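Q: Residue-level listing of the chains:
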Amino acid sequence: MSSQNHIERQEFNITVYTENQIGLLNRIAIIFSRRKINIESLNTSPSEIDGIHRFNIVINETEEVVRKICGQIEKQVEVLKAYYNTNEDVIWQEMALYKVPTEVIAEKALVERLLRENGARVVVIRKDYTVFETTGHREETDNLIKVLQPFGLIEFVRSARIAIIKASDGFNRKLREFEKREPHHEVVENEYLNSRDKVFTM
Amino acid sequence: MKQVNSHTTTQVAEPKKEVKTLSGAEALILSLLEEKVEHIFGYPGGAIMPVYDALFDYTDKVEHILVRHEQGGIHAAQGYARSSGRVGVVFATSGPGATNLITGLADALIDSTPLVCITGQVYAHLLGTDAFQEADVISITAPVTKWNYQVTNADEIPEVLAKAFYIAKSGRPGPVLIDITKNAQLQKFDFAGCNRCDHIRSYRPKPIVRKEYIEQAAELINKAEKPFVIWGQGVILGAAEQEFKTFLEKSGLPAAWTILGAGALPSDHYLNVGMLGMHGNYGPNVLTNECDVLIAIGMRFDDRVTGRLDKYAKQAKVIHLDIDPSEIDKNVKTTVPVWGDCKETIPLLTQLVEQKKHDAWLQKFKDYHQQEVDAVIQEELFPTSDGITMGEVIQLLNEITGGEAIVVTDVGQHQMVACRYAKLNHTRSNITSGGLGTMGFALPAAIGAKVGAPERTVVAVIGDGGFQMTLQEMGTIMQSNIDVKILILNNQFLGMVRQWQELFHDRRYSFVNIASPDYVQVAKGYSISGQKVSGRETLKSGLQEMIAHKGSYLLEVMVTKENNVFPMVPQGCSVSEIRLK
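One line per chain: the protein sequences are A and B, in this order.
To convert, count from 1 in the first sequence and add 84; that's my numbering.
To convert, count from 1 in the second sequence and add 1; that's my numbering.
Read the hints as simulated data drawn from the structure, not as lab findings.
Here are the computed lysine-lysine pairs in the BS3-like style, where the Cα-Cα straight-line distance is at most 25 Å: (1) K152/A with K334/B; (2) K165/A with K331/B; (3) K207/B with K165/A; (4) K37/B with K170/B; (5) K212/B with K258/A.
Here are a few chain A residues that sit away from chain B, every Cβ distance over 10 Å (derived from the structure): (6) E147; (7) I175; (8) V215; (9) I229; (10) P234; (11) F240.
All values derive from a computational prediction rather than experimental measurement.
Note that the Cβ used here is the ideal one computed from N, Cα and C, for glycine as well.
Build the full structure now, drawing on both the sequences and the hints.
A: This is the structure:
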């Protein structure tokens, strides 16, 4: 890896609108893995339109590579659109959960204050532990790990990134135009997938 | 994510059809007939038996060609698609049947060949249980298909099949695989007929043509002093051969081809200046780095064509016409991108370009060609030494067929020689594994090519290495009585590897010396006539006998052992560093 490449690389947020189809995640993942590009974060969720999913993918790459990757993603039959944006172009958030011994919170006012300062909210309180949640950028959620570590942080988990593009009016309008022309069909569960009768296969 | 039991296609409204209760397998065959499928290449097995059972009732409408290996089946379907311009269809069973298709899928994807492969799969309730002959075909084939889908309900079949054909043949064509579980093949459902698919919400096969880019491209061409066209298979896939010829003749542009583009313009057309790439012609390679405007049509700047990218046509303004937007700026930065089907974009460009002749510039190509004739071609085609060269075999073949044959090549030295020297009067006459470089491709592909173009002579030119990879398909030739002329150029080496070992590995011939069986005897075992030629005195008569023979014929020609293919752009070099020796 040349140092110049290293400098040119930065975080890019790739937003992909797709149909809701089994196997598509695999197809999209292959586009990255065959080029030996590590996905830093990946989130898939339904979009505001039934049957259309939205992928948020974060990678560290040069713009040239990201542009080509988006072209390859858009080639997939079930992909409607792929955008790429720098961190400055998007509003993004990650959610983190922290599990801390309840006795520490109860006994040490300092911890309570630190949690408040970091915008943490209680999700669950049990006798043995309490779970807090924060939402924010990586450095913000990372910071709370450091803060809580000395007080016996039991477990930590962070979600993938979700991002909304600042500049555009999103893909909503286009999606709705699609929807008018091509109404989404009802989701039908496959009745055969879970019937595990013993059948001779040959 | 949940599976959506619908395919979001817009289907053409057709008169209401009678509803019949059919099995999924029967519906599959009817769907194939609806797509006007006449030939299927395949191999049965446990998980696709219901389909074969249904096929038994339709053998008067569709011909099934029983191959000897699924790889042979898919290469045959590729040859069929390439010679006929239609979609090739393949059947295979689950597990090993399906995994044997992988090489052909990868080959078809990189060479943009339209295929629909139907694989059987274990019962849906057994998916993921490591059942007998179960393989995760959808995951395995995802990287080597344009689209794939697993059917687990019979009622999905008509719609999925329509979608599969639409995807395979539209836009930039490619292979599609449909994996059908055995329960879906057996399941009865109310079949209400088939509807054609001509739209999918999330699929844009053709980009919208931007007229402003056509105008910019025409302006560049009109101002150019040394314009140069390089074309690829996109011209053939777009059925734009006539439009392409009209464009060239009006603008007077010299044009060179990639091996998959060969034949789109007749070999002896005055503006055809030869083959590009690693073993291409001298002039087109050198002058790529001298032209002022480079017009790339339906080609993808493969590394075998460009050599070193950082030294490729840096002086030129580049116009790139392609149907696949992701090809634009992928390898070579484009000055003017022209997205679209070249069937539409070339005529728009022709309207705007000026009638011109570039005689002085064209003469430069001819001058370089003369240098190449003197240094390489003359001795290759008309050797003065004792040994038979591959080039002289192809030259004699040209004389005998008059450039009317379909030439199917395998991969290696003979491929480069055949592509360089074969005379092609017609489009869809050059069938070769370009992007993947699949040894073993030619024999089965030639079978398919003959089925796809039964009126034409099909000659499979194959090296002794590649032939031994799929020679079992002589069984298919025997059983289906397919008239394929098999021309083995035997140099007793894996020739191209040996050439590289000679040039770049100090002649350390590591495992490239390959022994062959008595091919004529092997062919005889399959009821295929043939002969072996070892001397020049019987070469022409041997070739004549092969072409004149009624039915398939195998001709083995013993050629010079250590002959190299030149010119050559050594790997890692610029195209202008092409070596004549």
